[in-house]
Each structure stands twice: as structure tokens, then as C-alpha cells.
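Got chain A sorted already, so can you dock chains B and C onto it with the hints?
Residue numbers (my numbering), protein chains in the order written: chain A, 1 to 166; chain B, 1 to 636; chain C, 1 to 120.
Everything labelled a hint here was simulated from the structure, so no lab data went into it.
Heads up, the beta-carbon is just placed ideally off N, CA and C, and yes, glycines get one too.
No incorrect hints appear here.
To be clear about the criterion: a stretch of chain A counts as covered by chain B if any three or more of its residues have a C-beta under 8 Å from a C-beta of chain B, and this derived list gives those stretches:
# : region
1 : 52-59
2 : 69-83
3 : 152-166
Pairs of lysine-lysine residues, derived as DSS-like cross-links and limited to a Cα-Cα distance of at most 27 Å, are as follows:
#  : chain 1 : residue 1 : chain 2 : residue 2
4  : C       : Lys71     : B       : Lys171
5  : B       : Lys392    : B       : Lys490
6  : B       : Lys603    : A       : Lys100
7  : B       : Lys171    : B       : Lys197
8  : B       : Lys353    : B       : Lys490
9  : C       : Lys47     : B       : Lys171
10 : B       : Lys397    : B       : Lys490
The chain contents come next:
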Amino acid sequence: MAITLIRSTSLDSTVLTTEEALRELVLFRLGERTHAIDLHDIREIIPRRRATRIPGAPRDVAGIINVRGTIVTVIDLGARLAGELASADGSVILVQHGQKLVGIAVDEVCKVLRLPPADIDPVQADAARIAGLSSEHGGVVTGLGHSGDSIVIILDIHTIITHVLL
Amino acid sequence: MDLSRYAELFLTESREHLSAINHLLLELERTPGASEPLDAIFRAVHTIKGMSATMGYGPVAELTHELESLLDRVRRGESRISAPLLDVSFATADALESAIDLAVAGRIDEIEVTQLLGRLRALASDKPARAKANGKKRRATSDNGEAGMLVRVRLAPDTQLSGVRAYLVVKRAETLGTVHSLSPSIEALQAGDFDRKFSLRLNTHEPAGAVEAALRSVGDVESVSAMSGSEENQTTPPNPDLHVDPVGEALPREALRQQQHIRIELRRLDTLMNLIGELMITRGRLVETAAAAGDLAVTEAVSEASRLISQLQDEIMMSRMVPVHHVFDRFPRLVRDAARSLGKNVEFAMSGKEIELDRSMLDEIGDPIVHLLRNAVDHGFETPAEREAAGKPAFGKLTLSAARERSSVTVRVSDDGRGIDRVRVLAKAREQGFVTDAAKTELTDEELIRMIARPGFSTKDQVTDLSGRGVGIDAVYSRVRALGGSVEIKTAAGQGTTTILRLPITLAIIRALLARVHDEVYAIPLTHVQETVALTPSHLKTVRGQEVLLMRGDVLPLVRMRTLASQPVAQDGTAHVIVLELGERRMGLVVDELSGQQDIVVKHFDAVRGGAALFSGATILSDGSPSLIVDVGSLL
Amino acid sequence: MSHSVLICDDAIFMRTMIGDILQQSGFDVVGEAETGLQAIEKYKQLKPDLVTMDIVMPDMGGIDAVREITKFDPNARVLMCSAMGQQALVVEAIQAGAKDFVVKPFQPSRVLEAVQRVLG
Chain A
1 MAITLIRSTS LDSTVLTTEE ALRELVLFRL GERTHAIDLH DIREIIPRRR
51 ATRIPGAPRD VAGIINVRGT IVTVIDLGAR LAGELASADG SVILVQHGQK
101 LVGIAVDEVC KVLRLPPADI DPVQADAARI AGLSSEHGGV VTGLGHSGDS
151 IVIILDIHTI ITHVLL
Chain B
1 MDLSRYAELF LTESREHLSA INHLLLELER TPGASEPLDA IFRAVHTIKG
51 MSATMGYGPV AELTHELESL LDRVRRGESR ISAPLLDVSF ATADALESAI
101 DLAVAGRIDE IEVTQLLGRL RALASDKPAR AKANGKKRRA TSDNGEAGML
151 VRVRLAPDTQ LSGVRAYLVV KRAETLGTVH SLSPSIEALQ AGDFDRKFSL
201 RLNTHEPAGA VEAALRSVGD VESVSAMSGS EENQTTPPNP DLHVDPVGEA
251 LPREALRQQQ HIRIELRRLD TLMNLIGELM ITRGRLVETA AAAGDLAVTE
301 AVSEASRLIS QLQDEIMMSR MVPVHHVFDR FPRLVRDAAR SLGKNVEFAM
351 SGKEIELDRS MLDEIGDPIV HLLRNAVDHG FETPAEREAA GKPAFGKLTL
401 SAARERSSVT VRVSDDGRGI DRVRVLAKAR EQGFVTDAAK TELTDEELIR
451 MIARPGFSTK DQVTDLSGRG VGIDAVYSRV RALGGSVEIK TAAGQGTTTI
501 LRLPITLAII RALLARVHDE VYAIPLTHVQ ETVALTPSHL KTVRGQEVLL
551 MRGDVLPLVR MRTLASQPVA QDGTAHVIVL ELGERRMGLV VDELSGQQDI
601 VVKHFDAVRG GAALFSGATI LSDGSPSLIV DVGSLL
Chain C
1 MSHSVLICDD AIFMRTMIGD ILQQSGFDVV GEAETGLQAI EKYKQLKPDL
51 VTMDIVMPDM GGIDAVREIT KFDPNARVLM CSAMGQQALV VEAIQAGAKD
101 FVVKPFQPSR VLEAVQRVLG
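Isolated chain A, as found in the complex:
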């Protein structure tokens, strides 16, 4: 069953400064790490389903799925960033990428988080290292968010998609 994100999802209470300044992020897990992408890029989150393999495609492409009549290519973000396939019982985040709808397979979608800019460190030279990513993925981290004690790796999902799709 599809879980549609609703903007009024109960939130972590964070110190609120001004309404507009808050950045809305969807947090998800890949292995041990927590990543985030911007909520406004996301159309829907659906449970992981069996994809049709595309022969010859790299390992980080899970294949294609049917979402109500539309063929959606699914990128395995686990394989892409962490080198380990995302869980087959995880979720697929449907991202609106220009005209395209692209699926992003992750281990688990956690919650929606609103962060004031003060809690987001802009990307630094060693962001990729801190995020535990190999340097080739450095460009896809746009910042590190601080939520309580934990660090959230904020990704530029569009750049990742551009790397994978033609």
C-alpha cells in the first residue's frame, strides 16, 4: 500500500524561527546511516516491489516498475552510495525529476524533519568523508544537518539521478 506523505505529518519539535526558513527533509536509512532529501522533490513513497531487470544496466539500477500505468526506473541508492543493495523489504521514494518520475530504493523511510538553516552545515571539503562516502560521491552531499545528537546527510538527489540516467 502506498503511503502518501502529508505535509502536516507530526514533526520532531525543533526550535522554530521563521516558518519559511525551515527546510523540510525526508529522512531515510541506508545501512547504519541516515540520509535526507528535500520533501518538495518527493511525490510519493511506496513499498519496495519486484522490479523488472534491465539487462546490462549497472548494479545501482534495480530495474523498472509499474506505478499506475507509468514505467518508473528504480535506482538502488544503497548500491549507489554505500555499495550494498538496499533491502528488498524497504521502500521506494518516487522523486519528480523534471518531467520524469524516478524511484529511489532505500532501506527504510524514517520521518519528515524540519530544520532551521542554522542547524545545517553547508557542504565542506570533507563532507564526503564525514558522510562515509567515497570521494566520487562528494558532489552529491549538499549539507550536513544536525538533529539532536545525530547527523543527517543531506543529498542532492537530482545530481545522483543525472549520474545514473541518460
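Then chains B and C, alone, in the frame of chain A:
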């Protein structure tokens, strides 16, 4: 009166006329003395003028009016067909096209025609006096001051064609008696050369009142006064305008009895197509579910519904078919312009314009064909001097033809120009390090296209001028492939090049063979399937380490789908061969099992980097899972 | 009983528009013709009370068609549909037997007036 509902009709019809005008101008250019094209252009221009004036599209009406005047001079022998005249006519046709689009889009203010109007008028400026009314010469209008009823007529200020109206009044008067002393003269009246007032004398037995009533009934007459003898009088008070109210709003509108076509918004047709696609997928599921349930009544009902859905699909497909001339009609002009600007002599012919394609496909094939035609004119044909030196006819022959072949349409672009020397291209490719395989003796079409499309590739010796030949060709190639079609090139040095595009009739729904390979199902477009056979060892042979297929004495290349799909090699189980054909080439594709034929809805999927370019699209199977459609063109 | 009308014009646009105007006023459009020859043929076949006739049409123009129609039926009631600047042609059409004319662009009221006049 609400004109907006006529706008669409106006647009469609004007475009048809413009297309005709372009064709006819080309014809006129070829045979400047012919009167038929001239008359036909005149009619078409005239029709657009009438329509645009009615729609209130002033600039369009003005342009057509000026062009019409210019053409009329030619018809009357006052001007000759000349290059400047043709050029300005072509320019006007172009300007009309954009002006009409703007006008219909409600952007009439953006239409800019001043300069063109100036050109048109300048050409017509050495104009002698307006042609005389071309009717028979009227009889002498007057004898000397013979007494009679003096009739004075004043026409309404908004009278249209006042000369004709005056003439009608005179004619009406003639039914009452003898008319003389007409002032101004009948010629001046007919030419509209008077200020709404005229007078005549009428010898009649009718009383003045009857004469006045009769003449007033001609219409657009503001006042009439008839006086017996030499009696002079003031004119009678103006006649209140006999205004007949249009009763349109009050009466129910009857359906047009004659109408056999209705116009449908494109969007609706597309929606219908999508819906029928979804319905077909659902039908698949329904058929499977019914079969599993094993209830005879249900199965019968489902099979009946299934049959109806197929019929519905056919009807919807039919309603979307459009003849290719909608795209082809602009090509003669395009070829002419290209040839002129490049200094080539080209004779262009088209055939098969009536062949129909689904409009989804029609929208897509225009650009590739434009590329091919331009290419032929630019690079295919020699210069006039070269042609003469080669002993070829002065005019290069360029043909575009469309033909129907089973479930596909073939579009051929053929020229009798330089052609491409494959051997030389191969030698050059080897020399420049693009080909390393020493055993290679011939380039395939695809290799040839790829080769000549390479930016750095050129054969500098002048035997075959390939520079630029590939530009666009690779674009055509990838475009057509993306549409599920294929490109074939036949070429011989010195004799010309023929490019053949094979296209499915529709982009949306195709008939496909479903084939199971290990645990996956692939769809193979039936257009390219020649036959299928169960694979037996007697079909197989190995030649130089390569598996080949033996089919009734023919040796065909063989490919295993499992290999293509990087799946484990099959254990002994059964296998089937699908014989694929494309043009004259054939090959065998080995799959595990055939799962039947089905109409499938073609869907686009986003290609991934590194993914095999083996698939042209995807479809959704009856269980809801996607399946990839094999691009036969890439295999062959 | 409503009057029957035959509409002759090579443009569907024009035929539709004239047809709408006339039908809205209770006329019975019994036929349409796209060319002069068709107009003659349909006139003979339908014998309409009124004919609206475009001047410029393919294969045979409106004026010749009027001539032929009048030859066949001297009482034929033909209304010419002309454009601005066709003065001379309209005169010729009237000499050929047309009863009246209207000028494009059409105003429904003018068309109806002319029709009434022609039908007398």
C-alpha cells in the same frame, strides 16, 4: 455573432489553402505560362481573403487582398510571372501562415505585414487604370432630354459595392419602363465612381409611388424620389432602415444535415488511446482470472467482452489515422528553397501521400524526413557542373515515397546524386583507426552511418564528398530507432543514395510476441518476426566459433536471448527460435519459450547509463509487471 | 413551409457560416456545392428556392454557373456572395441572372435582408 467557434475551421481550411498555394507557386515557377496554377492560386488566395475578412483578421485580409490584386494583374496580362513576383508571392504565403496562426491565437496585434504590403504594392505600382467592367458594353444611355419620370436615388452610407447596388437599381427600373439620361454614366456607376447619389429618367406607365417602392426594394437604398415630367421636388424623407433582425438566438439550432465530419480535440483522442491501453491490460488480467476460475459462463462473457474491446481498439486506432500528406505537403517548398540557396538543380517528386499513419507517429516523422531531404540536396547532389561532367541529367532526381507494408509504413528518400563509396569509407575508417577488425570486408548500414556521422571523419580525396553527410543522419537513425522503427541505407558511388525508414503505424499499441527467457518475459514486435520454430540440434551449426542457424538451406546469424540478457546458460530444456527480419537481413533469436501474441501498449522508460541499447520501450503485462520490448533494429 | 437553400462555396468555412445564418432563421439547407459544376448539377436535382453562389470556385466559377442555372430555370433565385473589390464580377453575375448579392465579410442581418429580397 460569435465567431470564435469558426476559428478552428478557419485555421484548418486556411492551412490547406496555403499548402495548396505553395504547391501551385512551385508549379507556376516551373511552367510560368500555365494558367491553371495561376487560377487555382488566385482562388485559394481569394478564399482566404473572404474567410479572414469575415473573421475580422484585418492584416490577413489585407495581405491576401494585395496578393490577389497582383495575381489578377498577371491573369489580365498586365504583369508577367517573374522571379521577384514569385519571391514576393512565396514570402506572402509564409507571412500568411504565421499571420493566420497569430490571428487565431488572438495575437492579431503582433502581426507585422507593412513591409510585405509595401513590396506587393510596389510590384503592382506600375498599374494602369483599373480594368473596365468586363461585361458587354451597355447600350447608349441617353437620347436627348426626352421627358420622363425623373428618379433620384441615394444609397445608404454603408452600402457595399455601391456600384453593383446602383446597377441593380437601374436594372429594376428597366423592368418598369425605359431608362435613359442616367447620371453618372453606367460605366461610372458600375465602377463605384459616384457619391452614393445618382439619377435617371424613366419612361413608364407606373405611378411614382410604385416606382419608388419597387426601387427601394432593391435594398441599401436610403431614399428614392420619383417625379413626373420636369417637376422638381425635394427628396422624400429617408427610408427607415429595413432592418431584419437575426432571429438566431430565438430559434433552436438544427444540426447541419450535410455534415459528415466533426472535429474532435486532439487531447480527447489521446485520452481515448490511453484508456484503451489500460483497458487492454485489464483485459489480459481478466482473461487469465476467468481461465483460472474455470466457470464456463464467466469465460464466455469474458471472451465476448474481450472481442468487443478489440473492436473498440481498432475503431479508436482508425479514428487517429491521418494521411501523411499533412506532413509531406510542406516538403516541395522546403526542397525548392534548399536547392535554390545551394545552387543545385533538383526535381522533386512525392508519392504515397494518401498513406495513413497514427497521428502520434505523424508528429514524429517530419523532422527525420526533413533531415534526409536537406542532406540529399546539400550533400547528395553534385553541382550542376559536376553532373554535366559525369554525364548525368541536369536536374537531380529526388523522390520521397510512402508505402504500407503489413503493420508498418515505409518511407523512402531517394536521390540520384553522388552516393557513398562503402569500400572507400571502410578504407578510410581503417586508415583513421576507427576500424581495427582486419577481417572486415564491408560496413553494415549502421556502421556506415556511425562512421560518416563521426565529427572527425572525412575522406579528403574528392571522390566522395562526405563532409557533413552524416550530420543529421545519426540523429535520424536514433530518432527512428526510438520510434520503434529502423533505417536502411542503399547507396552506390556515383549512382545515388536511398534511405529507407520503416516505421510502425502507431507509437502507442503494437502487436508483439511474448517470449520467456529464464524467469523473465520479453516482448518482440511482430512486425519484425518472420516465423518461429522449435529449436532442434539440426538447426544449429558452428562456423568459426560462432553459432549459426540453418533454416531450409539458409545460414542465419544466431543470438541467444539469454546471452543478451546476461542470464545463466540454459540447461538442456526446450528452446525456440524466432526468425527476425528487417529489410533483407534476417537472424535467429533463441528464447526458452513462446508465450503467445498480444497487443501491447508501448510505454517509454528512462534509459540508464551503461544499459544495453537493446530495448526500445517497455510494456505492462497482464499481471501488472513491466516487460521490456526488444529493439529488433539494434540486433540486426 | 420553410424555403429550401442550396449553398455553393468552395470553402467549408463559408458554407458552414452561411448555413448557420440561414438555418438559424428557419431556412432549410438542402444541399451544398463546392464547384460551379456541382452547383448546376445540384440545382437541377434539388430545385431549391434559393441559391447562394460564391463567385470564385474551382472547375467552373459562380458566374458561369449562374448563367447555366438561369438557362435551365429562368426563375432561379441566385444570391451572389462576393468579396470587396469584385464589383465588375458581381455586375457580370447579375447580367448572367443573379438576383442580388452580399459582400464578405458577412453580417447575418445583411445576408438575411438580401435573402428576403431575392425571395420577394
